[in-house]
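2 protein chains.
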Amino acid sequence: GGTGSVASSCPATKPSMLNVHLVPHTHDDVGWLKTVDQYFYGGRNYIQHAGVQYILDSVVAELQKDPARRFIYVETAFFFRWWSQQSRSTRNIVTQLVQEGCLEFVNGGWCMSDEASTHYSSVIDQMTLGLRFLNDTFGECGRPRVAWHIDPFGHAREHASIFAQMGYDGFFFGRLDYQDKDRRMKTKEMEMVWRASASLNPPTADLFTGVLPNGYNPPPGFCWDQSCSDDPVQDDPALEDYNVDDLVSRFISISKAALYKTNHIVMTMGSDFQYENANPWYKNMDKLIHYVNAQQANGSQVNVLYSTPSCYLQELNLANQTWPLKSDDFFPYADGPHDFWTGYFTSRPALKRYERLSNSLLQTCNQLEVLGGPKSRSGPFGKGDSDTMKRAMAVAQHHDAVSGTEKQHVADDYAKRLAEGWAHCQVPYVRPVGSRGHRVRPVGSRGHRVRPVAAARPLCADLKRPRVPSAPTLSGRASALRRPSPAAPPLCADLHAASPLCFQYLKVTFDPNTGLLSGLTNLETQQSVQLTQNFYWYNASVGNAESSQTSGAYIFRPNSSTPCAVSKNSNTVLCVCQNSVVQEVRQQFSPWVSQVVRLYEGSRELELEWTVGPVPVEDGFGKEVITRFDSNISSAGYFYSDSNGREVLERRKDYRPTWDLTQTEPIAGNYYPINSRAFIKDGKAQLTVVTERSQGVSSIYNGSLEIMLHRRLLRDDYRGVGEPLSEPGEFGNGLVVRGRLLLTLTPPETAADSHRPLAQGLVLQPLLSFQEGAPKPTSKLEFSALQAALPPAVHLLTLSQWDSESVLLRLEHQYESGESKAFSQPVTLNLQVHTHTHSAVTALLPCCLLYRLSLLCFDCSFFS
Amino acid sequence: GGTGSVASSCPATKPSMLNVHLVPHTHDDVGWLKTVDQYFYGGRNYIQHAGVQYILDSVVAELQKDPARRFIYVETAFFFRWWSQQSRSTRNIVTQLVQEGCLEFVNGGWCMSDEASTHYSSVIDQMTLGLRFLNDTFGECGRPRVAWHIDPFGHAREHASIFAQMGYDGFFFGRLDYQDKDRRMKTKEMEMVWRASASLNPPTADLFTGVLPNGYNPPPGFCWDQSCSDDPVQDDPALEDYNVDDLVSRFISISKAALYKTNHIVMTMGSDFQYENANPWYKNMDKLIHYVNAQQANGSQVNVLYSTPSCYLQELNLANQTWPLKSDDFFPYADGPHDFWTGYFTSRPALKRYERLSNSLLQTCNQLEVLGGPKSRSGPFGKGDSDTMKRAMAVAQHHDAVSGTEKQHVADDYAKRLAEGWAHCQVPYVRPVGSRGHRVRPVGSRGHRVRPVAAARPLCADLKRPRVPSAPTLSGRASALRRPSPAAPPLCADLHAASPLCFQYLKVTFDPNTGLLSGLTNLETQQSVQLTQNFYWYNASVGNAESSQTSGAYIFRPNSSTPCAVSKNSNTVLCVCQNSVVQEVRQQFSPWVSQVVRLYEGSRELELEWTVGPVPVEDGFGKEVITRFDSNISSAGYFYSDSNGREVLERRKDYRPTWDLTQTEPIAGNYYPINSRAFIKDGKAQLTVVTERSQGVSSIYNGSLEIMLHRRLLRDDYRGVGEPLSEPGEFGNGLVVRGRLLLTLTPPETAADSHRPLAQGLVLQPLLSFQEGAPKPTSKLEFSALQAALPPAVHLLTLSQWDSESVLLRLEHQYESGESKAFSQPVTLNLQVHTHTHSAVTALLPCCLLYRLSLLCFDCSFFS
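Chains as they are written, first to last, in the UniProt record's numbering: chain U, 1 to 864; chain Z, 1 to 864.
This is chain U alone, in the form it adopts within the complex:
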């Protein structure tokens, strides 16, 4: 369904011929080698020639010249900027082009998100931002029908699931493992149905998925962009170099060689930032179509036409084919035997954390806007709202943003945008303090230079004088806020023989000789595992005889499968600290790696707060720092990692579910992304690690789980970024990164009961703010927006002001099918029971019915 309106604008095809769908497109990174604004304007073209403003100018002009011409546009972050600068008459022209199907939006989110390092909640938000703009601007005609992730470096199942649930008709991408691609070409399985959820009943998360034949580039010899050097169609016999016959015959043989099931194939005619001058493209494609189709009079069976992915997809639907089924994902991605794109799972760990923390603030900011009403948008320090953060977060989802694969100055720009988002969110966040005259300039406004912070701290109103903490203002989800303890600071002792950490739920033992973790006992279930943990670094390859491939921002390639231990000492413990609320062991592994092992009273998880950096590179070795857990759990090569923070996929060492893998990189070829959690298990025990940012994970040995924490490299990896990944940090000597891992030991069957709320608690961690002076007598010391707690299975994903009349509420079932006896069941809830009788909240009730129409809300059947 839903393709009726497409049909009317789709070009006619010839059923008896091979139809070649030319899809003119541009791939406009929302930041990479240049910042998003530099890309928009075409600034700093000495870095990369790219100016999106001109692309849209030029394409709109060219589309008007011939109604047969087509163009697709993807990145709403750019289209929005461009649209805002257009005259009424240009807007009218563009609207007409959209209505006529000449200009078609595909994907349509604010950006083309990364799939390895993004969290689903932020992906949904960024899609919403883009799609809402298109819907508001163009109505139904602006609705993208096809998801289009031509560039991301591996594909997450959860992304496909989200796209399916959003109502996309199909999904196209360009990059997949070279072995997988070879096989699919041979077996004509380049097109398939992706069953993208193990929890949702088919076809809820089924999505037609097509792999494009040339990545996202034109076939060789047919690139007519200003950035290319292929010869144009030289069709004047009076001039030298007449080449029509040659071009036509080459095009026909390329078309015939394509290995697809139907008599339709798609050819992407465009690439990175192309169509800045659309005329050479269209002028030559016009000629190509003319001369290739003219051969039909001589018996040629090739018919070439301007088309779009949705028109191509419509033809596939009409072909009534049965497609192969895909139910795992497309990680890891390799484009050669020694070229695994598994480094970026961890690249720029501080940016990855800042992005995640910013999501937490955005959700809080959204909620406060709803709860505070219009007056929340102005405060003692000026006006502000969540819009800046919404856009900054949307931009940060880009596949060269949170992925960590951008140039350093661009990473700085993403961080600066987030910081500006924080500043604007201060307005709803900071309560008026009554005193006048203090007006804090927002952090990160023009002229400031903001870098990603190693461990971002809650942002408070900077009043420029000493402040006395007062009662915290409740924000966000009250349930996750740990109350400040009245206990004294922990006492520390410099002990070489570590005693166990122990509160009521967990006991943690240390090896008295090495000072390393040695065991973990769940005191509730009375189960124990032997467990050691240590820090190592892989020596980054600088290329070798087998391959010149280096480790870089994208690629992970260790020069040996055996990592070096960070600590050269036999005993790493520095001290043990404790009071009635917390017990800590502080470990120093080297001058640049330390860790606090922390157990809180009342907690079922162990917190490992690691600090890594500045990673030394004076020895000439790039370093990829991991922490590895080694246990006596019989994991037998299996491990598990989440997909975009949501469903969990099984991983298996040196194995791919859909093809017979030839493993060529024993370490890098076994790395997978985690966004929130990973685990190993056997029949009795499951060791789960919950993370607070996206990272790379693997299990190389039986019972072990390793997580890559930080990377500092000395070479570029030849994928375009043109810089070694060596973040300078505050002092220029290398970035220090701090982070946390939460560890649980449980029976496998109840593991999700712990890790689901734990992970969501980390994602939406409470944010603290403070105000001067004692609370007024009228101050509310407690507040909850909920009349009653939601059922444990139900997670409040979004509560956000939509317009003056309504708010957006997203609720989701947060357990997978079958993962929890207690909570994996369907839940029914009555929203009015759980919310205050606030008019705005009441108004949002029908929003869950907007599914497939506005793409704003998940399917309500999810709850049924």
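What the hints contain is simulated information worked out from the structure, not anything from laboratory work. Incorrect hints may appear among the rest.
Intra- or inter-copy, both count: the list cannot distinguish identical chains.
[Unchecked claim] Straight-line distance between alpha carbons at most 35 Å, and here's what the computed DSBU-like set of lysine-lysine pairs gives:
| hint | residue 1 | residue 2 |
| --- | --- | --- |
| 1 | 188 | 776 |
| 2 | 383 | 283 |
| 3 | 261 | 283 |
| 4 | 507 | 261 |
| 5 | 287 | 383 |
| 6 | 780 | 383 |
| 7 | 287 | 65 |
| 8 | 653 | 776 |
| 9 | 181 | 261 |
| 10 | 261 | 383 |
| 11 | 256 | 821 |
| 12 | 283 | 65 |
We have chain U already, so just place chain Z on it with the hints.
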């Protein structure tokens, strides 16, 4: 006069302000790194990104968006190609843009000719070809009012004279000696009146001449072409990198710093092959104009506007200034102390000769078309006419064509085009032979690879069997044809002691020890000079401590002022040959340099036929080969060279007439171009050398004259061509070049009486063709198109079919004022006396009255 129609389309200026005229333009080389067709289509963009078809597409689209926008176009060779591919509606749009003054043609020849190595007759032809197309297509509105030679590497006075006589209102160029430019900037003499002829009464050859401030580029930081990386106007305060204030203040200070006399300055907004995507240019210029002029509200006195050179010139005329007068030329051109562009005077000597010889064929072909009528355009080998040669010759005038400064494959292309011109001219040239079945495929048609030939031979019908010479068919000007002699072949003797060569007019002596020329006696005037001649080579600089400048296609820079003698032997004579018609001394200087010194019975000139090459470079030295005449003439540093084959200019060693020269290159800085002749003289004797191609010449020592004959170099000279000038020749081991110098010794006051007809005779040398069998009884063995000889001072420059109704006849007075007592007088002639009563010839009579209207004919006052 004549500016009335310009005024109506010129933009308003502000008399009280500094008006900055932005002149959007593109500089489209008619061949350089790519061939003219590759440039037109945008083929081989890997060599250089350039596609003129897109430039014109894009500019026409952008001009339609705002009537204030302007563009100038220069090279009709490209415009013609583009126009021929346009639809009627596009043609209508373009015509309207021309009529409204939005699109203005400047210069308007087929190409922007080289000024150092072109002959005036071919310059006039190529201008005619372009201007006629513009006139036929657009009428008066298409007429260029301004000559525009922004790129040629030095400027010839004869070019300025031609432009003045053609009715141009002014002339702009970009390149002049850096010392000259410095001085002119300081004295505000960047604009002047060039009195471009010493013969014509002022103001006949007076031409307003302006030197552009930034060559032909935009001011630094304001290039918005796709080929540039300057930041665009980033005027959205919501985005990063807002830069309006900075750009506006930089533009205003650049404008104020310009050193021109009036309150108008011109800024060229464009460069090589720019505006392929005109949108970034115009979009940002629109903004620049808006924001700069907005500052007028704050007191700024700078007013910026779209304009054209003719509108700028109109403002200068209104300013009623007195301009400084210039009466010499702008050679040689240097852009730095060691960077004299005097190498290209000689670069590619074979191409320079082939171009000149092709002109001779073209004139013959033109005349035969007129004399033969319409039936001359088809012959036994198919149809053909002079059009191909007209275009090939016009293209060859380009400043990277006959100049020899193009890449090798482009030089090959020019030669191939000329060869195709020869093939097409065979049709009028070759008389029907009566026998059928022989159909000679034209030389150089598609698929053939044609290289410049060392010494081009007259092209005959290649009948693929032995041919017996029969009576020659008269062609061209009969007076210059030397009848074949019935004498026996010369007898040769291997003599080491050379005896003099001597016929009735000239005696030539040789040094019995060295075998070199030792003296010359004019037996009529009984004057003798001591005269030696030898061959040398300058060792091409590969850069040194003073400067990294190398010798290359453009630049001549010897690494020492002392050239090496080619011959290491004491005696060079190989043999002396003679019969009753000719006496020869054959000299061998080295395996790669030889010469025949030849004296014909009845000749007043000595012929030196030199053969140079393959120039050996195995020693690692690039070589610039000269021949030098050393005499006892007291030339005292003065010497003389012609300008484009017409008027002669005085040269003086280490001296420039208009500024106090600091000589930094004692050899290269004294080189000048010759196109047809050079001489030295004292009170009694003048030694004149007449050449058959363009070359470089100098006089370094008293009484000496040196001519550069050939160059083979191993380095590029960093002016863009990107290749060392090392012509491979037929066998890949270096090109062999053969040529002739004609030497006369006369009293100075009668020298022109000899060298004028001698030079014209070389330019329009007779071309021979043969036919099989004995002449039929009805064959005319003699024919002249002239009823009576023209007066000696009058030269038939052009006789060419114009259209079916008329022919073009150009006659010129070929003597300078005062150079000949006998012939420098005004001449009156009645055309009907001199021509057959052929209807076509009769019809052309009024053509000389078209002066200033059609630009086709020289001023008739020239004859009065």
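Outcome of the hint check:
For the homomeric pair residue 188 and residue 776, neither the shortest alpha-carbon distance inside one copy (71 Å) nor that between copies (78 Å) is at most 35 Å. In the homo-oligomer, the alpha carbons of residue 383 and residue 283 lie at most 35 Å apart only across protomers (34 Å), although the nearest pairing inside one protomer, at 50 Å, exceeds that limit. When the C-alpha separation of residue 261 and residue 283 is checked against a cutoff of 35 Å, the pair qualifies only within one copy, where the shortest distance is 30 Å, while the shortest distance between copies is 46 Å. With identical chains, the CA atoms of residue 507 and residue 261 are never at most 35 Å apart, being 59 Å at best within one copy and 91 Å at best between copies.
When the C-alpha separation of residue 287 and residue 383 is checked against a cutoff of 35 Å, the pair qualifies only between copies, where the shortest distance is 31 Å, while the shortest distance within a copy is 55 Å. In this assembly of identical chains, the alpha carbons of residue 780 and residue 383 lie at most 35 Å apart only when taken from the same copy (24 Å versus 102 Å across copies). Proximity of residue 287 and residue 65 under a CA criterion of 35 Å is satisfied in both settings, with 14 Å inside one chain copy and 26 Å between copies. For the identical chains of this complex, residue 653 and residue 776 are neighbours neither inside a copy (60 Å) nor across copies (98 Å), given an alpha-carbon limit of 35 Å.
For a Cα distance limit of 35 Å, the shortest separation of residue 181 from residue 261 inside one copy, 15 Å, qualifies, whereas the shortest one across copies, 70 Å, does not. Taking the shortest alpha-carbon separations for residue 261 and residue 383, neither the intra-copy value of 57 Å nor the inter-copy value of 54 Å comes in at or below 35 Å. For the homomeric pair residue 256 and residue 821, neither the shortest alpha-carbon distance inside one copy (54 Å) nor that between copies (81 Å) is at most 35 Å. In this homomeric assembly, residue 283 and residue 65 come within 35 Å of each other (Cα to Cα) both inside a single copy, at 10 Å, and across copies, at 20 Å.
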